[in-house]
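Using the hints, position chain X with the ligands against chain C.
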Amino acid sequence: MNTPEKAAPKRTGEWPLFEVFIRGQHGLSHRHVGSLHAPDAEMAIKNARDVYTRRNEGVSIWVVEAEAIHASAPGEKEALYDPSNDKVYRHPTFFDVPEEVGHM
Amino acid sequence: MYAQMIQSTGKGVKSLDEMDPTERAFQERIDAGGKIEPKDWMPAGYRKNLIRQIGQHAHSEIIGQLPEGNWITRAPTLERKAILLAKVQDEAGHGLYLYCAAETLGITRDEMFEALNEGRMKYSSIFNYPTLTWADMGAVGWLVDGAAIMNQVPLQRTSYGPYARAMVRICKEESFHQRQGFDIMMKMCAGSEAQKRMAQDALNRFWYPSLMMFGPSDAESVHSAQSMAWKIKMNTNDELRQKFVDQTVPQAEYLGLTVPDETIKWNDEKGGYDFAEPDWTEFYDVLAGNGPCNHDRLETRKQAWDDGAWVREGMLAHAAKKRTAKVAAE
Ligand SMILES: [Fe+2]
Ligand SMILES: [Fe+2]
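Residue numbers (the working numbering), protein chains in the order written: chain C, 1 to 104; chain X, 1001 to 1330.
For reference, chain C alone in the conformation it holds in the complex (with noise of 0.2 Å):
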């Protein structure tokens, strides 16, 4: 997420960051695509299909103001991923099928 480490202080005047996700063409999850300003959120939906779909990239968009984002510190990484990297047996590759089994 591209929200800053200590936002810089708000002014008064200045519009809210959204940060953007969009759904493209093929059925797939919204994906993050970039931030812009706007005073509200349907401005920042009319905003955001002038900004980031402006060659069919999209059919679904949402904004999400970045102050109600809540991201993993950077300090956790090994916290939070770390005891993944032990369960090597949660992917198929761990077990060997017999070659006389087929495909599974």
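Hints should not be assumed to be uniformly reliable.
As a list, the in silico PhoX-like pairs of lysine-lysine whose alpha-carbon atoms are at most 25 Å apart [said to hold, decoys possible]: (1) X:K1326 / C:K46; (2) X:K1243 / X:K1265; (3) C:K46 / X:K1172; (4) X:K1081 / X:K1231; (5) X:K1196 / X:K1081; (6) X:K1081 / C:K46; (7) X:K1231 / X:K1014; (8) X:K1321 / X:K1302; (9) X:K1231 / X:K1039; (10) X:K1048 / C:K46; (11) X:K1172 / X:K1231; (12) C:K46 / X:K1321.
Think of the hints as simulated: they come from the structure by calculation, not from any bench.
The following block gives chain X with the ligands in isolation, referenced to the frame of chain C:
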């Protein structure tokens, strides 16, 4: 380029041994091709440099709309008008992507606008030249966007995640810009004698300013060495300029136009053209604010900002009113 003469700490590049463990981990991540994201630790100089560079790049996209916007109402056909309008709209988008990337570093967009309006932040020298004829729309797309692409394509691999992602979006849109410019040039060059003269005149005026976009030779520059170690600059100015010349000269030949440099010559040994340097005194003069259009560009930008104030304020007030009404209804 769209960001020119970016100054770093000026101290020269530290070796890994001279770094404390945090900075060393940061540098090793960059060396290994990893990305730095907004919440990651970064040296203060990296942050500061990036704000300057991305900010200047963003300003260039925004100010860069003016020389072309100048011709939207006077495009020769409705189709050309629609194309130019779409191109200029793209540039506004490029500015927005880049402002957002810079904002992740802890500066607001309005602060950057103010710095631009007050002359504390710069934009590319190229946009301080006038666009006098319709052929200039061809030359700008072909040469100016062409030069920008040279710089932006490698920047897709830059170390700062948000900047790299903005570059990916920009590069996808940029080749349309160059092609529409070259298309205008082809039309003009296949036209009447007068049209051919206009095309040649546009090339004559934009050739050296385009070469200046890459900035003076920086092979010896400590600022550039630091930026390259941080991978926020991917090539030297001379490398990119050479690439640009090598690509552009055959295109000019195809058009039947003459590059305004009598010394230009293919050099078999280096596998590229030898060519004349632009006048760097002119470059510094334009950067210092004395180009033909500096005053005009900045005044237009400031006026647009001031004239838009009532819209920005009105929409905020409207949004606040809607919020209150919603709360009252609940
Ligand atoms: Fe652009
Ligand atoms: Fe462009």
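Structure-based check of each hint:
no. : hint              : in the structure
1   : X:K1326 / C:K46   : holds (21 Å)
2   : X:K1243 / X:K1265 : holds (14 Å)
3   : C:K46 / X:K1172   : holds (22 Å)
4   : X:K1081 / X:K1231 : violated (39 Å)
5   : X:K1196 / X:K1081 : holds (21 Å)
6   : X:K1081 / C:K46   : holds (24 Å)
7   : X:K1231 / X:K1014 : holds (14 Å)
8   : X:K1321 / X:K1302 : violated (29 Å)
9   : X:K1231 / X:K1039 : holds (18 Å)
10  : X:K1048 / C:K46   : violated (32 Å)
11  : X:K1172 / X:K1231 : holds (21 Å)
12  : C:K46 / X:K1321   : holds (19 Å)
In summary, the numbered hints that this structure violates are 4, 8, 10.
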